[in-house]
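Asks: Read off the chains here:
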Amino acid sequence: MSRRLRTIAYLGIILILYLIPEFVRSDYIINLLVFFLIRSLVAISFNLLYGYTGLLSIAQGGFYGIGAYGYTLLVMNAGWPTWPAWLAGGLIAAVISLPVSGITFKLKGHYFAICTLALSLIITAILTIWRGLTSGALGIAGVPPMGGISLPWVGEISFRNTFSFYPLVLTVFLLILLVIYLLTNSKVGRTFQAIRENEELSLSVGINPNHHKAVCFFISAMISGLAGGLFASYIGFVHPMTSDVFIGLFALVCTVVGGTGTILGPVVGMLLLGTLPEILRIDPMIRNLLFGVCLIVVVRVAPKGIMGILGQLRQRSREVLR
Amino acid sequence: MSQYLINGLVLSSIYIVVALGLTLVYSILDVPNFAHGELVMLGAYIGVFLIGLMGVTNYFLVLIFAVVALAGLSVLLWKFIFRPLRSAPPVTMFIAALGLVYILQSAVQLIWGKEWLSLRSPFAGSVLLGAATITHTRIFIFSLGCLLMILVSLFIYRTWLGKGIRAVSQSESGAALAGINANRMITFTFAVSGALAGCAGILLGHVTFVFPLMGFSPLLKAFAMIIIGGMGSIPGAIIGGFFIGIIETLSIAFFSAEYADIFAFGALVITLMIRPRGLMGKLE
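Protein chains in written order, with this note's numbering: chain F, 1 to 322; chain U, 1 to 284.
I should point out that these hints are in silico values taken from the structure, not numbers from a laboratory. Small disclaimer: the values here were computed from a predicted structure and weren't measured. Here a beta-carbon is modelled for each residue, glycine too, at the ideal position from N, C-alpha and C. One or more hints might be untrue.
Unchecked claim - Here are the simulated distance ranges between beta carbons:
(1) F:Glu319 x U:Thr159: 50 to 60 Å
(2) F:Pro284 x U:Leu129: 37 to 47 Å
(3) U:Ser143 x F:Gly311: 55 to 65 Å
(4) U:Thr159 x F:Arg131: 31 to 41 Å
(5) F:Lys106 x U:Tyr59: 44 to 54 Å
Claimed, not checked - Restricting the straight-line Cα-Cα distance to at most 16 Å, the calculated cross-link-like pairs of lysine to aspartate or glutamate (EDC-like) are:
(6) F:Lys108 x U:Asp30
(7) F:Lys108 x F:Glu22
(8) U:Lys114 x F:Glu200
(9) F:Lys106 x F:Asp244
Unchecked claim - Covered stretches of chain U (in silico footprint by chain F; criterion: 3 or more residues with CB under 8 Å from a CB of chain F, positions within the stretch not fixed):
(10) 133-145
(11) 268-280
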């Protein structure tokens, strides 16, 4: 496919994504799509860490919760306008990632994974205990939605219901996907991959692995935090369980099944494992059983996940066509 | 206070039994078996099934059955799930273990449902010790826990098989040169680890409820214990275990139960920061 054709195809897909609510007038489906996009962002942030830099972080749920609480508290307690509060929530999550990467710098492989798991649990525990700020296990209800914006020609847009929120979350999603694409194809992204492949070797060619790991963690935590802020503004309620460790684990499952280290892998994984079972109304127990089977099958036969299989198929079809 | 301390010690003796199984597999395979908590959960369910539903009255028969069944399952998991992944990057086994967590949890939910069940022990009655009441069940749990700690230590440090396991955990190729069948040693380690999990599951069922997610919390605590004590070290797991148990008890006594997690996992993080190999872990 030529470059121009491919660009047109992408633009067409994006247009279709924006037009989905025009055709699907179901509140239920659009609601599912909103959750799909928000949770995909968490998986994307995990993929940036694990797929590109080789850091198996299970703390993404914690950063997601911090972003959600950051937005909520800045809007409700500090009286900030919603948009700066949302960005600040993401930034708070990113700033908290700095000591986290400082702590986990030296750790390799599963020590790193266990340490981030512990940190995620500590974040949930702090959100539960700090009653004065977070009102503890009761959670905070009545989180205001994102404030409306007025665009030239279009006029005033509010984000108060599912149908108006969908374009907002889709825009954020596409922008972050674009950032990830540009980042991973930049020099920094290639440096991440060098660290993933061989940390000592990358050190020997003058790369500072710790510095780059911290940058990667920072960006990734920010994406998770922004996703958490979107979630809080959409659902209107935050709870310590918003930062549950299973959010991070689920991001891991989706990314591994979809394909680690590929741009769309986490999105495909989330669509197949997070959204499809909801649409098909599969019983959660059977769904979880399938998750487990998928994980084991993927690590056994297709380490690159679904995207890897698709890539192989495309290559094979090309060879056949030749 | 003394009541807290006694209950804390009893609970940590169960967690140490969990941690011993975890640290054994870690010592030989360098993989934290994330599915270990689910083996504990299955042990408890076997107890509920045999005592509650089948009406088996001989308690020790139940205990032995759980131990044997979990040892067998653990070996099967090694043969069919973990062994084929040995040549893959180490994180792969971690992910496969996570897959097992999902499978075992939902399988148990499909069979037994989500209800919280209880597993009554055959030991009724209690003794008074100062201001504290100790049930006979708790005395039994603590004694069995300590007995298992001693037995596992003796097994690893005093028997021929234990020597073989230690040899393989130090260097697989070196052990092979000395005529030790590494594969058999790993299989054996998985069997012991599963047996410990089965026993811990029954004991845990006496002091908490039995439900599909019950394995997660002891698993996390066991991780904290073996990281503080040193991954792969048996005395380390025991020392780390009592350390976490006492920290938790004190935080519950002085603050509230919600603080227990912060202190336990905070201790884990601090250990990894200042001494990643833990108190008694081997140098890499």
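Asks: So, for every hint listed, does it hold in this structure?
Replies: Status of each hint after checking the structure:
Distance hint for Glu319 of chain F and Thr159 of chain U: a CB-CB separation of about 57 Å, consistent with the stated range 50 to 60 Å. Distance hint for Pro284 of chain F and Leu129 of chain U: a CB-CB separation of about 45 Å, consistent with the stated range 37 to 47 Å. The given range of 55 to 65 Å is respected by Ser143 of chain U and Gly311 of chain F, whose C-beta atoms sit roughly 58 Å from each other. Checked against the given bound of 31 to 41 Å, the beta carbons of Thr159 of chain U and Arg131 of chain F, roughly 53 Å apart, lie outside it.
In this structure the hint that Lys106 of chain F and Tyr59 of chain U lie 44 to 54 Å apart at CB holds, the actual value being about 47 Å. Proximity of Lys108 of chain F to Asp30 of chain U is assessed by CA-CA distance (about 12 Å); at most 16 Å being required, the pair is judged to hold. The suggested pairing of Lys108 of chain F with Glu22 of chain F is violated, with an alpha-carbon distance near 49 Å, which exceeds 16 Å. At roughly 48 Å between alpha-carbon atoms, Lys114 of chain U and Glu200 of chain F are farther apart than 16 Å, so this suggested pair is violated.
Proposed proximity of Lys106 of chain F and Asp244 of chain F is contradicted: the alpha carbons are some 25 Å apart, above 16 Å. By the rule of at least three residues with a Cβ nearer than 8 Å to a Cβ of chain F, the coverage given for the segment 133-145 of chain U is violated, with 0 such residues. Only residues whose beta carbon comes within less than 8 Å of a beta carbon in chain F count, and the segment 268-280 of chain U has 5; three or more means the coverage holds.
When held up to the earlier numbered hints, the structure conflicts with 4, 7, 8, 9 and 10 and fits the remainder.
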